[in-house]
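Quick note, the sequences are listed as chains H and C, same order.
So the first sequence is numbered by our numbering: it starts at 630 and just counts up by one.
So the second sequence is numbered by our numbering: it starts at 214 and just counts up by one.
Read the hints as simulated data drawn from the structure, not as lab findings.
Idealized CB from N, CA, C, for every residue including glycine.
Do not take every clue at face value.
[As the list claims (entries may be wrong)] Derived Cβ-Cβ restraints for the label pairs, each shown as a range:
(1) H:Glu824 to C:Glu583: 38 to 46 Å
(2) C:Glu282 to H:Phe920: 39 to 47 Å
(3) C:Thr272 to H:Trp964: 43 to 51 Å
(4) C:Pro451 to H:Glu824: 50 to 58 Å
(5) C:Glu481 to H:Asp883: 15 to 23 Å
(6) C:Arg587 to H:Glu882: 22 to 30 Å
(7) H:Glu649 to C:Glu583: 44 to 52 Å
(8) C:Asp251 to H:Glu649: 24 to 32 Å
(9) C:Glu503 to H:Arg904: 22 to 30 Å
(10) C:Gly456 to H:Thr960: 53 to 61 Å
(11) H:Glu824 to C:Glu282: 31 to 39 Å
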Amino acid sequence: MVRTITYREAINEALAQEMERDESVIVMGEDNAGGEGSPGEEDAWGGVLGVTKGLYHKFPGRVLDTPISESAFIGAAIGAATAGLRPVAELMFVDFMGVCFDQIYNQAAKFRYMFGGKAVTPVVIRTMYGAGLRAAAQHSQCLYPLFTHIPGLKVVVPSTPYDAKGLLTQAIRDNDPVMFFEHKALYDMAGPVPEEGYAVPFGEANVVREGGDVTIVALGRMVHTSLEAAEQLAAAGVQCEVVDLRTTSPLDEDTVLESVEGTGRVVVVDEAHPRCSVATDISALVAKKAFGALRAPIEMVTAPHTPVPFSSTLEDLYMPDAQRIVNAVKTVAEWTR
Amino acid sequence: MTDERIVAVTMPKWGLSMQLGKITSWIVAEGDDVSVGDELADIETDKIAGTLEAAEAGTLRRIIARAGEDVPVSGTIALIAPADVSDDDLDAVVQEARAVIDAGVPDEAASGPAVETADIGGRKICYVGAGQDGDVVLLIHGYGGDRNSWLFLQEPLAARHRVYALDLPGHGTSVKDVGDGSVDTLADAVLGVLDTIGAERAHLVGHSLGGAVAVTAAARDPRRIGSLTLIAPVGFGPAVNSGFLRGFANAQTRRELKPIIGQLFADESLVTRQLIDDLLAYKRLDGVGEALHALLGTLLDGDSQRPDSAAAVTVIGGAVPVTVVWGSADRIIPPAHAESVAGAVCYLLDGAGHMPHMERPAEVQAAIEEAIARAG
Chain H
630 MVRTITYREA INEALAQEME RDESVIVMGE DNAGGEGSPG EEDAWGGVLG VTKGLYHKFP
690 GRVLDTPISE SAFIGAAIGA ATAGLRPVAE LMFVDFMGVC FDQIYNQAAK FRYMFGGKAV
750 TPVVIRTMYG AGLRAAAQHS QCLYPLFTHI PGLKVVVPST PYDAKGLLTQ AIRDNDPVMF
810 FEHKALYDMA GPVPEEGYAV PFGEANVVRE GGDVTIVALG RMVHTSLEAA EQLAAAGVQC
870 EVVDLRTTSP LDEDTVLESV EGTGRVVVVD EAHPRCSVAT DISALVAKKA FGALRAPIEM
930 VTAPHTPVPF SSTLEDLYMP DAQRIVNAVK TVAEWTR
Chain C
214 MTDERIVAVT MPKWGLSMQL GKITSWIVAE GDDVSVGDEL ADIETDKIAG TLEAAEAGTL
274 RRIIARAGED VPVSGTIALI APADVSDDDL DAVVQEARAV IDAGVPDEAA SGPAVETADI
334 GGRKICYVGA GQDGDVVLLI HGYGGDRNSW LFLQEPLAAR HRVYALDLPG HGTSVKDVGD
394 GSVDTLADAV LGVLDTIGAE RAHLVGHSLG GAVAVTAAAR DPRRIGSLTL IAPVGFGPAV
454 NSGFLRGFAN AQTRRELKPI IGQLFADESL VTRQLIDDLL AYKRLDGVGE ALHALLGTLL
514 DGDSQRPDSA AAVTVIGGAV PVTVVWGSAD RIIPPAHAES VAGAVCYLLD GAGHMPHMER
574 PAEVQAAIEE AIARAG
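Generate coordinates for the entire structure from the input sequences, incorporating the hints supplied.
What follows is the structure in structure tokens.
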């Protein structure tokens with residue numbers, strides 16, 4: 630029997646095993662210890678939600694507690710990567726990318742290209758995303774579409790503990806800059822995870838449920854919402870195939886297209902805003918490359934084009950839920966010309 | 214009192230970790246007369262799909278579990294009874310069975326027996342045992358397999374024997390370092406497990422590469438081996454589907470792996486998503502790629518088989534009774550190789566592929582039981 634651990638523990642284990650395996654792997658971020666040299670070192674928080682807990686004392690000198698200055702420490706991580714280390718930096722909330730975006734999109738993403746392949750930048754930037762924690766507009770965004778837009782970055786959005794460990798392992802071993810998106814609401818989710826180290830390759834979507842009627846393409850937390858909807862729909866006689874993208878860059882176009890070629894109907898589910906998003910990207914892909922297979926218009930289920938509301942009532946309405954996915958699937962399943 | 218002429222058809226336990234099975238469809242209907250071995254229903258577990266065969270003859274009077282329904286292992290799914298058993302008697306049994314199905318799997322149900330580990334020459338080898346009494350039987354999987362390959366056989370055999378299944382080096386949860394990757398090194402693991410469980414005598418059952426390992430282990434100490442049952446074994450002729458072996462070692466994605474795994478079975482629909490997912494998860498583990506490529510060098514000399522199990526059988530020289538089981542539709546190793554196993558009792562299973570122990574477990578079980586009985 631495979632052991633069961635949480636998404637949070639799976640990420641921690643990937644970090645610990647890779648630090649054990651390769652001494653060039655270091656961890657840096659805010660609140661790893663609660664302030665370098667401060668009393669916080671004793672109980673070393675392991676970041677605001679405790680994901681790196683335990684690593685500070687296990688790997689002395691290799692878990693750096695940084696000042697609250699993303700522009701400084703994200704830049705430092707990228708620089709260290711070009712100089713031979715494999716830093717895993719924690720950008721606490723992806724909403725804070727604004728203050729360090731130049732280092733990411735204009736520096737890290739460009740080095741390999743601009744130096745003719747002579748420079749590699751094996752940095753991983755772990756970051757929290759997503760709504761549902763009553764954290765309001767500046768701590769709840771998805772923003773992976775912004776990074777997916779930039780050539781030179783790899784973008785990972787794991788949905789399960791198994792994928793979180795395997796994809797983070799791959800991210801650390803990868804020689805390119807990787808943005809690693811962790812949904813706050815998934816940290817306590819438990820699932821089977823092998824104790825041994827393993828890497829899940831990038832660009833390989835996962836068909837998490839098979840079905841012949843409608844394809845649902847989702848990522849991150851929305852995979853679970855989609856599976857919940859698919860379960861309800863199966864009871865109503867509609868069989869959904871649920872494709873978990875796993876990575877948005879590189880994108881596994883083949884798995885999406887093969888599924889849509891089988892079903893002829895697609896619903897894309899994305900927690901991000903509806904414009905210039907993964908939802909629109911997948912929709913465009915299907916419209917361009919699988920148009921002949923489509924038997925109904927493409928449906929998208931996304932958050933609205935507004936900031937994430939602070940009001941809990943409004944935030945609940947903001948998040949795509951199973952009911953909206955069920956409705957969208959029924960729309961495409963019942964569509965007639 | 215329940216009429217003892219009522220025979221319950223129950224959800225089988227295919228694999229030590231199986232707790233639930235789903236009836237995908239009934240092949241027979243209420244009122245049908247069934248003979249032993251008739252196909253009753255298609256059943257799916259989270260690992261594999263299979264067909265339940267009738268263990269008793271008679272009239273199928275009641276179908277209790279509907280198609281699409283999940284049933285706990287050993288739950289009664291149908292009743293066979295003679296025509297003169299009254300409907301009331303049957304309905305009483307149906308009611309009890311219905312309650313069991315509706316209750317689902319009890320929370321305290323263990324998720325299979327504990328995995329044990331042995332330290333063999335510094336290598337961690339994992340194995341699982343089942344059964345309380347009788348002779349020791351050790352099941353040895355093939356290339357890229359693991360102890361779960363025996364999911365249909367270990368539990369049924371454990372009714373009369375103490376049945377162990379191990380993970381060879383490089384496989385399952387055992388150490389991934391295979392050293393020189395030789396058949397001898399793999400045989401060390403087999404004999405080491407026998408030492409660890411304190412078995413002075415054991416019956417070995419080996420599939421494919423595991424067959425070569427079983428023969429090699431037996432040749433080292435024939436007095437210790439009660440019988441050998443070889444299922445589509447490696448090492449009895451040069452021909453082999455080298456494309457399958459290389460393809461399996463190199464496959465990185467579901468898309469690449471699925472058609473390769475399909476070649477193992479005569480009926481490719483037996484390959485479930487879960488089987489491919491489990492194999493992909495195994496192949497992604499650190500060290501597995503190296504192990505599979507090292508073992509590829511053991512298995513292949515160019516496009517031919519390298520191991521020579523026939524020579525080892527000659528060394529054993531009749532000291533151990535040998536049984537061979539082969540599927541007539543094996544696409545990995547030609548079943549004609551069975552003729553090269555000197556002095557063996559052969560079972561050719563018509564229409565089975567390279568995985569008869571998964572495709573036709575009842576017949577393989579019967580062959581193993583006979584091999585053990587002949588050994589005395």
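Do the hints match the structure? See the list:
1. H:Glu824 to C:Glu583: 38 to 46 Å: holds (40 Å)
2. C:Glu282 to H:Phe920: 39 to 47 Å: The hinted range 39 to 47 Å holds for Glu282 of chain C and Phe920 of chain H, with Cβ atoms some 40 Å apart.
3. C:Thr272 to H:Trp964: 43 to 51 Å: holds (49 Å)
4. C:Pro451 to H:Glu824: 50 to 58 Å: At roughly 40 Å between Cβ atoms, Glu824 of chain H and Pro451 of chain C fall outside 50 to 58 Å, so the hint is violated.
5. C:Glu481 to H:Asp883: 15 to 23 Å: Check passed, 21 Å falls within 15 to 23 Å.
6. C:Arg587 to H:Glu882: 22 to 30 Å: violated (58 Å)
7. H:Glu649 to C:Glu583: 44 to 52 Å: holds (50 Å)
8. C:Asp251 to H:Glu649: 24 to 32 Å: violated (56 Å)
9. C:Glu503 to H:Arg904: 22 to 30 Å: violated (47 Å)
10. C:Gly456 to H:Thr960: 53 to 61 Å: violated (46 Å)
11. H:Glu824 to C:Glu282: 31 to 39 Å: holds (35 Å)
Consistency with the previously given hints fails for numbers 4, 6, 8, 9, 10, ordered from lowest to highest.
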